[in-house]
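Asker: Sequence:
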Amino acid sequence: MISSAVVPSEEQHLLPCFPDDVSLQIICRLPLSTHPWLALISRTFRNLIHHSSLIFSVRSHLDISRRYPILTLRTPSSEYMCRYILLDSESTSSITIPSPPVATIGSACVALGPFFIVLGGSVNQIPTSKVQIFDFRVRTWNPGPRMGTSRQFPAVGIMDGSRKVYVLGGCSPLSESWAEVMDFESTEKKWEVLPSPKSLRKRWILGNAVLDGKILAVVDRGGVVFDPAMGSWGAMKHELEFKWRGRAVAVEGILYAYDSLGTIRGYNVKTDKWMEVEGLKEVPKFLAGATLTDIGERRLLAIWEWNENRKRKNLTRPTTIRVGLVEIDLVICDDGRLTGSVCRLESIHLPVPSRSTIAKCVAVEL
Numbered sequence: 001m002i003s004s005a006v007v008p009s010e011e012q013h014l015l016p017c018f019p020d021d022v023s024l025q026i027i028c029r030l031p032l033s034t035h036p037w038l039a040l041i042s043r044t045f046r047n048l049i050h051h052s053s054l055i056f057s058v059r060s061h062l063d064i065s066r067r068y069p070i071l072t073l074r075t076p077s078s079e080y081m082c083r084y085i086l087l088d089s090e091s092t093s094s095i096t097i098p099s100p101p102v103a104t105i106g107s108a109c110v111a112l113g114p115f116f117i118v119l120g121g122s123v124n125q126i127p128t129s130k131v132q133i134f135d136f137r138v139r140t141w142n143p144g145p146r147m148g149t150s151r152q153f154p155a156v157g158i159m160d161g162s163r164k165v166y167v168l169g170g171c172s173p174l175s176e177s178w179a180e181v182m183d184f185e186s187t188e189k190k191w192e193v194l195p196s197p198k199s200l201r202k203r204w205i206l207g208n209a210v211l212d213g214k215i216l217a218v219v220d221r222g223g224v225v226f227d228p229a230m231g232s233w234g235a236m237k238h239e240l241e242f243k244w245r246g247r248a249v250a251v252e253g254i255l256y257a258y259d260s261l262g263t264i265r266g267y268n269v270k271t272d273k274w275m276e277v278e279g280l281k282e283v284p285k286f287l288a289g290a291t292l293t294d295i296g297e298r299r300l301l302a303i304w305e306w307n308e309n310r311k312r313k314n315l316t317r318p319t320t321i322r323v324g325l326v327e328i329d330l331v332i333c334d335d336g337r338l339t340g341s342v343c344r345l346e347s348i349h350l351p352v353p354s355r356s357t358i359a360k361c362v363a364v365e366l
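Take the sequence shown: its letter number 298 is residue 298 in full-length UniProt numbering, and every next letter is one higher.
These aren't lab readings, by the way, just hints derived from the structure by calculation. The structure presented is a predicted model; accordingly, all values stated were derived computationally and were not measured. Heads up, a few of these hints could be off.
[Unchecked claim] Think about it this way: if two alpha-carbon atoms lie no more than 20 Å apart in a straight line, the pair counts; the simulated EDC-like pairs of lysine to aspartate or glutamate are:
1. K281 <-> D259
2. K285 <-> D272
3. K214 <-> E188
4. K164 <-> D135
5. K270 <-> E241
6. K270 <-> D183
Required output: the full structure, derived from the provided sequences and hints.
Answerer: Laid out in structure tokens, this is it:
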């Protein structure tokens, strides 16, 4: 039932002629981008949207939760540093997430349930150990436990089905806290040091992903693999590291990335081979800078900056940038081939200053 905080009186209902429980189920099926407009209808709707934890609870109960991509965009203005925008593919709209209390650049981002977690980064060119957590249920930023060391551009990962957040690098290789883990379910949330061999430690992490139950991190020379189940460290296989390009992501046990020509390829850990994803002739040959993310149901999202963004740098009042995006349904054939079919291909405008660039993208389940 809906709490009295949402429906203050018996006479006031969410939708006329419908019980409130039925009305709530109807509202929960609407795209998230409609919520700001719903809040303008009445005080009852505003209270409901404000108590969005109820909405997300019902969505989860109805099994209609889905993954929404969150873009991190680096702006040319030092005032905001980075902006975070949630994309709603159900309505081709976007929702700007409020700026965190501490504006950082070079942070790592990860999503866990309804939480969007920003780790480290730099403030006025000084690395920080701060952790900031945005809770979509109450639309509020909260501070998380500080990491054991300050980090900039670290690797971060969460194992499937786990609530533990792992973070590697982005700090001095001599730091004993080079690798840490935090159990998000623990009542005493704190970071614990993961012992790591000094020979594998590097400061700069160029790319990372979670694949086959392991955290992969491409460093300035070679790559590092950490197996949480075994607590073991190792070097990345040459075939994987040598052909890893751009911002890769794992979907259903296959690591997807793109080469210098814009061709999407998948790496199969069982065969130790990269293969081109077939059937994507209509996908544009986007340049390096495209970001890939897993949006669920074996679907890959690729998003990139439109070339015209760079031509608009002399505009006096730039307020948006244009980005292209493509959603691809992926299939692993019986013979091991990888194929894909385009289910969405379009461009959209995002409300950020001209010359803003896409830094990363993760997906949050709401």
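Asker: Now look at each hint and say whether the structure bears it out.
Answerer: Status of the hints after comparison with the structure:
no., hint, verdict
1, K281 <-> D259, "holds (15 Å)"
2, K285 <-> D272, "violated (25 Å)"
3, K214 <-> E188, "violated (25 Å)"
4, K164 <-> D135, "holds (17 Å)"
5, K270 <-> E241, "holds (15 Å)"
6, K270 <-> D183, "violated (29 Å)"
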